[in-house]
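A.B. asks: According to full-length UniProt numbering, the stretch in the sequence shown is residues 1 to 507, in order.
No lab work stands behind these hints: they were computed from the structure.
Each hint should be verified, as a subset may be incorrect.
Under the rule of at most 27 Å between Cα atoms (straight-line distance), these lysine-lysine pairs were calculated in the DSSO-like manner [stated by the list, open to error]:
no. : residue 1 : residue 2
1   : K135      : K175
2   : K175      : K190
3   : K106      : K85
4   : K343      : K279
5   : K329      : K436
6   : K279      : K134
A quick note: this is a predicted structure, and the numbers were derived from the prediction, not measured.
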Amino acid sequence: MGGGVIKAEMFGQLTSGLESAWNKLKGEEVLTKENIAEPMRDIRRALLEADVSLPVVRRFVQSVGDQAVGVGLIRGVKPDQQLVKIVRDELVKLMGGEVSELVFAKSGPTVILLAGLQGVGKTTICAKLANYLKKQGKSCMLVAGDVYRPAAIDQLVILGEQVGVSVYTEGTDVKPSEIARKGLVEAKKKNIDVVIVDTAGRLQIDKAMMDELKDVKRVLNPTEVLLVVDAMTGQEAAALVTTFNLEIGITGAILTKLDGDSRGGAALSVKEISGKPIKLVGRGERMEDLEPFYPDRMAGRILGMGDVLSFVEKAQEVMQQEDAEDLQKKIMSANFDFNDFLKQTRAVAKMGSMTRVLGMIPGMAKVTPAQIREAEKSLKIMEGMIEAMTPEEREKPELLAESPQRRKRIAQASGKTEQQVSQLVAQLFQMRVRMKNLMGAMDGGSIPSLSNLEDALKTEQKVPYLLMCVYIFSLHALMFGLLFNSHMIIDIGKGFLRHTGCSECSQ
1 MGGGVIKAEM FGQLTSGLES AWNKLKGEEV LTKENIAEPM RDIRRALLEA DVSLPVVRRF
61 VQSVGDQAVG VGLIRGVKPD QQLVKIVRDE LVKLMGGEVS ELVFAKSGPT VILLAGLQGV
121 GKTTICAKLA NYLKKQGKSC MLVAGDVYRP AAIDQLVILG EQVGVSVYTE GTDVKPSEIA
181 RKGLVEAKKK NIDVVIVDTA GRLQIDKAMM DELKDVKRVL NPTEVLLVVD AMTGQEAAAL
241 VTTFNLEIGI TGAILTKLDG DSRGGAALSV KEISGKPIKL VGRGERMEDL EPFYPDRMAG
301 RILGMGDVLS FVEKAQEVMQ QEDAEDLQKK IMSANFDFND FLKQTRAVAK MGSMTRVLGM
361 IPGMAKVTPA QIREAEKSLK IMEGMIEAMT PEEREKPELL AESPQRRKRI AQASGKTEQQ
421 VSQLVAQLFQ MRVRMKNLMG AMDGGSIPSL SNLEDALKTE QKVPYLLMCV YIFSLHALMF
481 GLLFNSHMII DIGKGFLRHT GCSECSQ
């Protein structure tokens, strides 16, 4: 099939370059200065091609090389795996180490001032940020401070209505600093928790822009000053963060368009060059597509390891604990039916695009864009056939297995062939067996609360963690697996188990 391999959304090229480095260490018994020379050149080239700035690349490669040569041989760990671990740790450090959370005022409203060049998506980010904070139980108000673009004010009002927050506007004839002051007064009257202020952008940095931002900042005394930068600009994003910080003083950055076809230089350069952390990232067009920036999770994606934590968090948003437990019982008793299948395909859609969901799943790095397009098409065909079934047939697929007449009726109603309907029924029975076997391999037990995932990861009690994750993850992975390749699910499961640290389970 055509198309490149899906890796970590924006990091595909970088991921491939790093994999080339590991592959050159296959068969080696220990890391030496001689045998890491070529892999280190591959790493350097991959980072430069990802538009990471040269000084950052030099420091990164030097640090990785020094550690690789000095590392001792660990029993059971191959040299290429040791290098992966070193690179992963250095990537995490490069991107800031720990997650940098938003700071909130101890008293009165928290004020978040957004700045950035024109066209980076500031106005949309205002609404996404309000939506993100609303989910945390905070009341928000948006302030329309871009007086040079009437369309920006209109857009903010529409987006505010969409996410259910009020928008303070004064039109285009009032100074931005005055609008900001009045908006803050209004927010205090209404006991608003967070005030998010939109500002005007320019095509390039100029004195007028900076002076205006300084005035607005002086009036507001904001808790956070966040620069919105476009991930597509590569290492230039890091230079922008540095410039804005020197001019007005910022607290961090929001990286937008992380789902685009950019090379990754922005995410890898911002903290190292500017000293300011990336606090949030935008990954899509929906209002829900804004999330904290986790350096460790991003490193996992870059290295093709997936992002299990983010996957489970997304699954948690679309599935209740009770539903999860009920479905687990159906899986273990091999009673998973077409109602469950339909529910899960729709849950996947709520989690984001298939490309994005696959980027979180270990072992899915082999899936190409062409395969994803084919899978999305197949899902629609499957849904059409399921919707043509009677409620009884959805609940009891055995009826379809036993009756050619029923399959013929569904084929005619959905506009598909009898062969396609028969194949769908067969695939459901295959899923039942595979899912039961995978769940059974975890030695039974109950699903722990999804909110305990972070704690579960920090303990040595692997089985409860695996039970919960495999239950949600394997369900989706199996669905994807049957769409792509009947054998791929074995690799998916092993990749996932290796990622969780259960080496015995992945043999």
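A.B. asks: The structure should be examined with respect to each hint, and the outcome stated for every one.
C.D. replies: Results of checking the hints against the structure:
1. K135 - K175: Given pair K135, K175 is violated - Cα atoms ~32 Å apart, limit 27 Å.
2. K175 - K190: holds (23 Å)
3. K106 - K85: The hint is violated at about 40 Å.
4. K343 - K279: Roughly 33 Å separates the two Cα atoms, so the pair is violated.
5. K329 - K436: Distance of about 10 Å is within 27 Å: holds.
6. K279 - K134: holds (17 Å)
Comparing the model with each numbered hint stated earlier shows that hints 1, 3 and 4 do not hold.
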